[in-house]
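For reference, the chains in residue letters:
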Amino acid sequence: MAPIVAEMAYPMPFLFYLGAVVISVGATMMLEELGDEDRDKPDLSKKQEQISESLIDNRNN
Amino acid sequence: MKQPVLKDLLKVRKLKRNLIGSTILWSCSAFNFYLLTFFLKYFPGNIFENSFFFALSDLIAFASVGFLLKRTDIVKALYIAFAIDFIGGVAYILFHQNISIVPLLICICRAGVTMTYNIGYVSVKELFPTLFIATVYG
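Protein chains in written order, with this note's numbering: chain A, 14 to 74; chain B, 447 to 584.
Treat the hints loosely; a few may be bogus.
Not everything, but these chain A residues come out facing chain B in the computed CB check (under 10 angstroms) [stated by the list, open to error]: (1) V34; (2) G39; (3) M43.
In short, the hints are calculated from the structure, not lab data.
Please read these numbers as outputs of a predicted model, since none were measured by experiment.
Using N, Cα and C, we set each Cβ at its ideal position, and we do this for glycine too.
Here chain B stands alone, though its shape is the one from the complex:
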């Protein structure tokens, strides 16, 4: 059996677009995911408590992605995740001086980013043919 190579994937326009879109999406999601993680120590309050709430928002995000993907498609689920990302980010920029609500805003950001990251992984099987799934995952 001939092993599929990247050149075969790039021959199909739809797959090429999906590959470029997914690559950008994964890069941006990874950037935001690790930005928040590295930024954690600069947030006000106890770092252990903050980590706990980060983990809690991750848990909620993972559960809600499963729920979302059962009821809608990948693109709509991603837009919902981006809306949460965006609301959290803008609210943080506007209200970062109000220390009491900062942890909540960060958790909203974290939940949105985790949802995006998770949908990025789950969406591979819907965006690429079976032959290329392992290759695309890298």
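Only chain A is shown next, with the shape it has when bound in the complex:
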């Protein structure tokens, strides 16, 4: 019995391997390449302006 178990156990990690491949395929379906318009997102410049303004206000006060 033992040799059969050992023989069958040998390719077992490859079932995990295949499982990881299948999960990876699912994850790849989620991916979407960015277009040129998405490259600047999220737009932090407005936030930066707000912070700058509040800093100036604080300094003036």
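Once you have looked at the hints, place chain B on chain A.
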């Protein structure tokens, strides 16, 4: 200049999906990559010869990723890598008792995993805005 934080990235739906997808992809690729490396000593034959063929299949995989990414996009390149992964894995499970072809099957698996891993790294600049690339790399 305000430093970008994770919260800014998660506000954009597309970026959030890309982050989750990439994280799963990297985790699974790393799992398979190191699984094969740790499994190396259990493969039949000389460990040094096996390591040499592992390195050779890595080399071929890296070269083919460059070739693939010039001709197609990231998602298609990943599917090609997964197809190689899958064929290698299934063939290994089916024919692992045939010792003579085991090294070839392992090298096919290794090439596929290396391609996935490599595309995962290269794809960061296509999936995230410039502001977040360094953050995403960790």
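Quiz item: Can you name, in rising order, the numbers of the hints this structure does not satisfy?
Solution: none
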